[in-house]
Amino acid sequence: MADRSALILEDISIRLHGRRLIALAGRVEPGTVLTVMGPSGSGKSTLLAFIGGFLDPVFSAQGRVSSGAVVLTDLPAEERRAGILFQDPLLFPHLSVADNIAIAVPGAVRSPRQRRQMAMAALERVGLAGFGKRDPETLSGGQKARVALQRVLVSEPRLLLLDEPFSKLDATLRDQVREMVFAEARTAGLPMILVTHDAADAVAAGGPVHNVGAE
Amino acid sequence: MLARGGWLTRAAPAATVLLLIGPVICGFLGTLLPAFGFLPGLGGKAVTLDHFRALFEVPGLAGSVGHSLLTGLASTLASLLITGIFIASHFGTRAFAVIRRLIAPLLAVPHAAAAFGLAFLIAPSGLLLRLVSPSLTGFERPPDFLIVHDPLGLAMIAGLIAKEIPFLFLISLAVLPQSRSEPALRLGRSLGYGRVASFVFLVWPSYYRQIRLAVLAVLAYATSVVDVALILGPQLPPTLPVRLLDWMNDPDLTRRYLASAGAILQLAVGGLAILVWFGLERVGAILVTALRARGQRCRKDGVVRSLSLAGMGLAAATVLASIVVLGIWSVAGLWPFPEAFPQTLSWSGWQRALAQMCSPLTTTLIVAIIAALISVVLTLLCLENEFRDGQGDLRHSTAGSQRESRSNKALLILYLPLIVPQISFLFGMQYVAILSGLDATFAGLTLAHLVFVLPYVFLSLSDPWRGFDRRFDTLAAGLGMSRQRALWRIRLPMLSRAILTAFAVGFAVSVGQYLPTVLIGAGRLTTITSEAVALSSGGNRRVVGVYGLVQSGLPFLAFAIAIALPVLLFRNRRGLRV
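Taken in order, these protein sequences are the chains called A and B. Final position of the first sequence in this note's numbering is 215; the numbers increase by one with none missing. Final position of the second sequence in this note's numbering is 1578; the numbers increase by one with none missing.
Read the hints as simulated data drawn from the structure, not as lab findings. C-beta atoms are modelled at their ideal positions from N, C-alpha and C, and glycine is treated no differently. Careful, some of the hints might be misleading.
[Claimed, not checked] Quick partial rundown of chain B residues pointing at chain A, CB under 8 Å, derived from the structure:
| id | residue |
| --- | --- |
| 1 | F1472 |
| 2 | L1475 |
| 3 | A1477 |
| 4 | G1478 |
| 5 | G1480 |
| 6 | M1481 |
| 7 | R1483 |
| 8 | R1489 |
| 9 | P1493 |
| 10 | L1576 |
[Stated by the list, open to error] Derived pair list, reagent style SDA-like, types lysine to any residue, alpha-carbon separation capped at 20 Å:
| id | chain 1 | residue 1 | chain 2 | residue 2 |
| --- | --- | --- | --- | --- |
| 11 | B | K1409 | B | I1419 |
| 12 | A | K168 | B | D1469 |
| 13 | A | K168 | A | S140 |
| 14 | A | K133 | B | L1568 |
| 15 | A | K144 | B | D1469 |
| 16 | B | K1409 | B | P1013 |
| 17 | A | K144 | A | R134 |
| 18 | A | K168 | A | G41 |
| 19 | B | K1409 | B | I1171 |
| 20 | B | K1409 | B | L1019 |
| 21 | B | K1045 | B | L1032 |
| 22 | B | K1409 | B | V1420 |
| 23 | A | K133 | B | V1567 |
| 24 | A | K133 | A | P112 |
| 25 | A | K133 | B | L1569 |
[Said to hold, decoys possible] Quick list of the computed label-pair ranges, beta carbon to beta carbon:
| id | chain 1 | residue 1 | chain 2 | residue 2 | range |
| --- | --- | --- | --- | --- | --- |
| 26 | A | G18 | B | A1317 | 51 to 61 Å |
| 27 | A | V58 | B | V1288 | 34 to 44 Å |
| 28 | B | R1101 | A | Q176 | 34 to 44 Å |
Let's have the full structure, built from the sequences with the hints guiding it.
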């Protein structure tokens, strides 16, 4: 369902008031993870903002990001299809669980019934069949994380940006969710960039690690 | 609509600034020229100082100016002290929570309605004296005291304080979280300082800086208010703005020169009030510094704390009791003096009032709804433009001080129509309206209201909008939603409560407008508020009671809808509850 193209980062450099925060180049193959590690405040999240297209204009950034032949940095944020997972699941509080996923289905699918069916199928895949009509606020932490992951997956992203998505979960849940995210993204053939300060995340990701702002 | 073709959002800030500053400048020029004798419509073509000379020869002018200054400064100082010390001593207590819950209904009551209610409470034949007569006082008939319209303006000051406290409290609620008040207060007390001292030494500087413009707006309003002064203020002589309006409405059109010169004087009086206020700020700062430098712990602050609680409680009780007494009068039949309650009840007040209310009520609703709607849409467009300008990063924006100074400038523009005395540019706006054929039209009246509605709507909506978790926008874009779709499907629904509240605020401000209605409506287009004030001189308390109730009921209804609608729409959505 996804493009299964590698993510290519060419000579990326992000500066704040002339001070360089990040310098990075590389290639992330489909289904693999590039981990960016650094203490909080090191600016590692600005890399995700740059790739996703939401960088605050106070930062100046150079470099090119492409997914296969598509140059993402030439596109506006909503056309990059750079899916993102945050620390918090951030389910839309005004929508039902199913609508949270249905709203992410690409616009090419026009029929509301079909969009809804796709959302239901996604819920079923993660053992949440029958939760569609629920208020997202009534779900447990683990259930919310699963819905958030399905939401980003049905949007058919080209890549997945992970902004410390496991850091707020308790220890047992953290391992489970991490396994699930990596496994599903691998199945979908998505290149991933994981930003974290937790060494265990880097180990579980199993890919190359880029350190930022380490003194 | 909000996002299609960025031009709409890009044009919004300029349109807003024009809407706020344009009428103020045009109106000011329209006042300034006649003040110096230039008014071609009335044959005035030579520039002269005669009208100022005539103005300074008006008997009792110094008294009028003095009254304006005194009521303005006294009511502002008292409101600020009571609000500030109440917050200092009761932050996080039950009393604080109670006042917080009462804030919307307290704000909903227009100034004029609260003034009527206060008059009905404290007048010699008012409810308070009836409650203790004749048992305690021995009065069988209303005593001959000058309580309302007292020569010192105490009744007017009291009425203003009761209405300004809720406003300052609301502004404070918005800025307190930014002043990091809670940890600072805890720190202060752990160092052995009393509650009030902790607040004054540690929180006050940053708190006051953030509410300062609002305080100046209160000062400007209180110095130049007309409706409250008509209902409660001194009469021999009345405050300056009241006399100005008299001259303006005089059948002898040449009195308009005098009125215009007076409006320029009012501007100077407003400026003087602000200068005196700056002096008071200095004195306050010196006192606080001296206390702090000595390491005064001020732990025995019980008296001050009780006083602030009493002041706050009294202000809230006054506004609420006003509504009750208006309600009783509206259905009162026979109610002779010292009876505490009407002997008979009757609908005659309602029947008489409703018969003549239809047209002003329609005007009130149309103008208030359109002005609030335009304000909300313009505000949303401005805020969206600001958002696109500074496309947020993933977490907190690290944007530097230059953005802050820009938003400070924007805030100053927003407050401009609230800090310049209304009367000094509304006279000129009336000329401009007559020249352009907009006087006594819905468009003209709505435009005049908009100048005062827009700032409040913007102030009310900008905090929730800017405080919205930007990660939701990021997330939506990452899911492939266009900005327009994200706006309609995510941001606006999630902020529906804040948007509806801002609409209600704008609606309430419009309903309460007196001076713009009288001047631009030109007596042909009237609202509930302008009619109510006009009726007050007639003295039929039953009809005034009905008008006061309707006047307060409209904003109250708007706030109730703003609270109830999101609850109904998102009944099963816990995440949206506050």
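Practice task
Would you pick out the hints that fail for this structure and give their numbers low to high?
Solution key: Every hint satisfied by this model.
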